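Got chain A sorted already, so can you dock chain B onto it with the hints?
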Amino acid sequence: MEEAMDKKAQTGDMLSIGYFILLLIIIGGTIFLMSKLVLGVAYDARLTDASILGYTIQKCISENNLKESDFGNIQQICGIRLSDGNNEERKFVLHIYADNKELFKYGDRVSCGLYELNNKNTRCVDFITKGNLNGKQTEFQIISGSNLESYGGSNG
Amino acid sequence: MAETDDSNVLSSETIFLILLTIFAAGVLYFIWNSSNSAYIWEDYYAKQTATFLNSAKNGEEVIFDIQPIIKIAKSNGLDISNPENFIRINANNNEVCVKLSKSAGTCYPYFNEVAVRDIKTIPNEDSLSFSFIVEEKNGGSNG
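Chains as they are written, first to last, in this note's numbering: chain A, 1 to 156; chain B, 1 to 143.
Bear in mind the hints are in silico, worked out from the structure with no lab data behind them. None of these values were measured; they are calculated from a predicted model. Don't take each hint at face value.
[What the hints assert, rightly or not] Here are the computed lysine-lysine pairs in the DSBU-like style, where the Cα-Cα straight-line distance is at most 30 Å: (1) A:LYS91 <-> A:LYS120; (2) A:LYS130 <-> A:LYS91; (3) A:LYS105 <-> B:LYS57; (4) B:LYS74 <-> B:LYS102; (5) A:LYS91 <-> A:LYS101; (6) A:LYS67 <-> B:LYS137; (7) A:LYS130 <-> A:LYS105; (8) A:LYS36 <-> A:LYS120; (9) A:LYS91 <-> B:LYS57; (10) A:LYS59 <-> A:LYS91; (11) A:LYS67 <-> B:LYS57; (12) A:LYS101 <-> A:LYS136; (13) A:LYS91 <-> B:LYS137; (14) B:LYS71 <-> B:LYS102; (15) A:LYS67 <-> A:LYS136; (16) A:LYS105 <-> B:LYS137; (17) B:LYS57 <-> B:LYS120; (18) B:LYS137 <-> A:LYS59; (19) B:LYS57 <-> A:LYS130; (20) A:LYS67 <-> A:LYS105; (21) A:LYS120 <-> A:LYS59; (22) B:LYS102 <-> B:LYS120; (23) A:LYS136 <-> B:LYS57; (24) B:LYS74 <-> A:LYS36; (25) B:LYS57 <-> B:LYS137; (26) A:LYS59 <-> A:LYS130; (27) A:LYS130 <-> B:LYS137; (28) A:LYS105 <-> A:LYS91; (29) A:LYS105 <-> A:LYS136; (30) A:LYS36 <-> B:LYS102; (31) A:LYS91 <-> B:LYS102; (32) B:LYS71 <-> B:LYS120; (33) A:LYS105 <-> A:LYS120; (34) A:LYS59 <-> B:LYS57; (35) A:LYS36 <-> B:LYS71.
[To be verified] Derived list of chain A stretches under chain B, where covered just means 3 residues or more per stretch with a C-beta under 8 Å from a C-beta of chain B: (36) 16-25; (37) 31-38.
Beta carbons are placed, not taken as given, at the ideal position from N, Cα and C, and that holds for glycine.
Isolated chain A (complex conformation) (with noise of 0.2 Å):
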């Protein structure tokens, strides 16, 4: 009979330890999420980062008479590098066009469209400015935009 009650008192003493770390566990986890949610929020720079390389191509494309096949070699001839230094391509979009014809494509544009769904997608900007196409006065559309994350670095 008492062995019988050792045991029963036993396993209620692993049963109020097992809910106690079931507390803790809930009083931890609300923390970590409370403190996430009010310091975790990061400064957001895809639209600076849209409009900076759109305004950089827009002012690169007044300035220069361009023809049609320097379109392939834009990146040099505006001094900008939108992959890596291994070549990998980087969260940016980069389009133009003029007389409906596309003569740069970097990245999805199509995500640009998806930013007012969700916020995860590209912010993207767009311009119109006018340019020498081909020894022609034109009209360019410029759509930029960038879906940079920051990343841990390598130590050292």
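Showing chain B alone in chain A's frame:
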């Protein structure tokens, strides 16, 4: 039998106390780390410096205040005498890395094909500024 009961009660109380101590220590450590907020400042300064580099022209000098992050870097035991210990601009990979704790730091890329020279800190009356001169990397017509 009564002895066994006592030791059971004692052991369960001890377990509760140990668990509570571990939990309290964990919460305190987490709150200390969050209040230090090194990651948030690393992220902010990496993005701001990348923005300066994206909009900078050849020969321009960029100067900005780093007093808020100096305090954090100091409290995390970093050597602040050399500015490149906490803000590093890697022109080969077009990225800015900011490191304010013993962790690997936080990096953010920039697209402007520029490099920097003359990186230095400038002490002011009650603050500290970080400065560098931007120079073109390979003869692009930007700027």
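Hint-by-hint comparison with the structure:
The straight-line distance between the Cα atoms of LYS91 of chain A and LYS120 of chain A is roughly 12 Å, inside the 30 Å bound, and the hint therefore holds. For the proposed pair LYS130 of chain A and LYS91 of chain A, the alpha carbon gap of about 27 Å is at most 30 Å, so the pair holds. With a C-alpha separation of about 25 Å, the suggested pairing of LYS105 of chain A with LYS57 of chain B holds against the 30 Å cut-off. Proximity of LYS74 of chain B to LYS102 of chain B is assessed by CA-CA distance (about 11 Å); at most 30 Å being required, the pair is judged to hold.
Under the criterion of a C-alpha separation no larger than 30 Å, the hint pairing LYS91 of chain A with LYS101 of chain A is consistent with the structure, at around 23 Å. Annotation: proposed proximity of LYS67 of chain A to LYS137 of chain B holds, straight-line Cα distance about 24 Å (limit 30 Å). Distance check on the hinted pair: LYS130 of chain A and LYS105 of chain A sit about 19 Å apart at the alpha-carbon level, within 30 Å; holds. With a C-alpha separation of about 17 Å, the suggested pairing of LYS36 of chain A with LYS120 of chain A holds against the 30 Å cut-off.
For the hint linking LYS91 of chain A to LYS57 of chain B, the alpha-carbon distance of about 23 Å falls within 30 Å, and the restraint holds. Taken as a hint, the LYS59 of chain A and LYS91 of chain A pair is honoured in the structure, with Cα atoms around 22 Å apart against an allowance of 30 Å. Proximity of LYS67 of chain A to LYS57 of chain B is assessed by CA-CA distance (about 25 Å); at most 30 Å being required, the pair is judged to hold. With a CA separation close to 15 Å, the supplied pair LYS101 of chain A and LYS136 of chain A stays within the 30 Å bound.
Our distance criterion of 30 Å between C-alpha atoms is met by LYS91 of chain A and LYS137 of chain B, whose separation comes to about 22 Å. Annotation: proposed proximity of LYS71 of chain B to LYS102 of chain B holds, straight-line Cα distance about 14 Å (limit 30 Å). A threshold of 30 Å between alpha carbons decides the hint, and for LYS67 of chain A with LYS136 of chain A the separation of about 10 Å falls inside it, so the pair holds. Annotation: proposed proximity of LYS105 of chain A to LYS137 of chain B holds, straight-line Cα distance about 24 Å (limit 30 Å).
For the hint linking LYS57 of chain B to LYS120 of chain B, the alpha-carbon distance of about 19 Å falls within 30 Å, and the restraint holds. Between LYS137 of chain B and LYS59 of chain A the alpha-carbon distance is near 19 Å, which keeps this suggested pair within the 30 Å criterion. Proximity of LYS57 of chain B to LYS130 of chain A is assessed by CA-CA distance (about 22 Å); at most 30 Å being required, the pair is judged to hold. Restraint check for LYS67 of chain A and LYS105 of chain A: the C-alpha separation of about 16 Å stays at or below 30 Å, so the hint holds.
Pair hint LYS120 of chain A plus LYS59 of chain A holds up; C-alpha atoms about 29 Å apart against a cutoff of 30 Å. A C-alpha spacing of about 22 Å is found between LYS102 of chain B and LYS120 of chain B, which places the hinted pair at or below 30 Å, so the restraint holds. For the hint linking LYS136 of chain A to LYS57 of chain B, the alpha-carbon distance of about 28 Å falls within 30 Å, and the restraint holds. The suggested pairing of LYS74 of chain B with LYS36 of chain A holds, with an alpha-carbon distance near 24 Å, which does not exceed 30 Å.
For the hint pairing LYS57 of chain B with LYS137 of chain B, the CA-to-CA distance comes to about 11 Å; that is within 30 Å, so the pair holds. Distance restraint check for LYS59 of chain A and LYS130 of chain A: the Cα-Cα separation of roughly 10 Å lies within the 30 Å cut-off, and the hinted pair is therefore satisfied. Of the supplied pair hints, the one linking LYS130 of chain A and LYS137 of chain B holds, its CA atoms being roughly 28 Å apart against a limit of 30 Å. A threshold of 30 Å between alpha carbons decides the hint, and for LYS105 of chain A with LYS91 of chain A the separation of about 13 Å falls inside it, so the pair holds.
Between LYS105 of chain A and LYS136 of chain A the alpha-carbon distance is near 22 Å, which keeps this suggested pair within the 30 Å criterion. Between LYS36 of chain A and LYS102 of chain B the CA atoms are separated by roughly 21 Å; this keeps the pair inside 30 Å, and the hint holds. A distance of roughly 28 Å separates the Cα atoms of LYS91 of chain A and LYS102 of chain B; the hinted pair therefore holds under the 30 Å criterion. Distance hint between LYS71 of chain B and LYS120 of chain B is fulfilled; the C-alpha atoms sit about 17 Å from each other, no more than 30 Å.
For the proposed pair LYS105 of chain A and LYS120 of chain A, the alpha carbon gap of about 21 Å is at most 30 Å, so the pair holds. About 13 Å separates the Cα atoms of LYS59 of chain A and LYS57 of chain B, which keeps this hinted pair within 30 Å; it holds. Taking the CA atoms of LYS36 of chain A and LYS71 of chain B, the gap is about 22 Å. The hint holds against a cut of 30 Å. Coverage of the stretch 16-25 of chain A by chain B holds. Counting CB-CB distances below 8 Å, 5 residues qualify, and the rule asks for three or more.
A stretch counts as covered by a chain when three or more of its residues have a beta carbon under 8 Å from one of that chain; for the stretch 31-38 of chain A and chain B the count is 3, and the coverage holds.
Checked against the numbered hints above, the structure breaks none of them.
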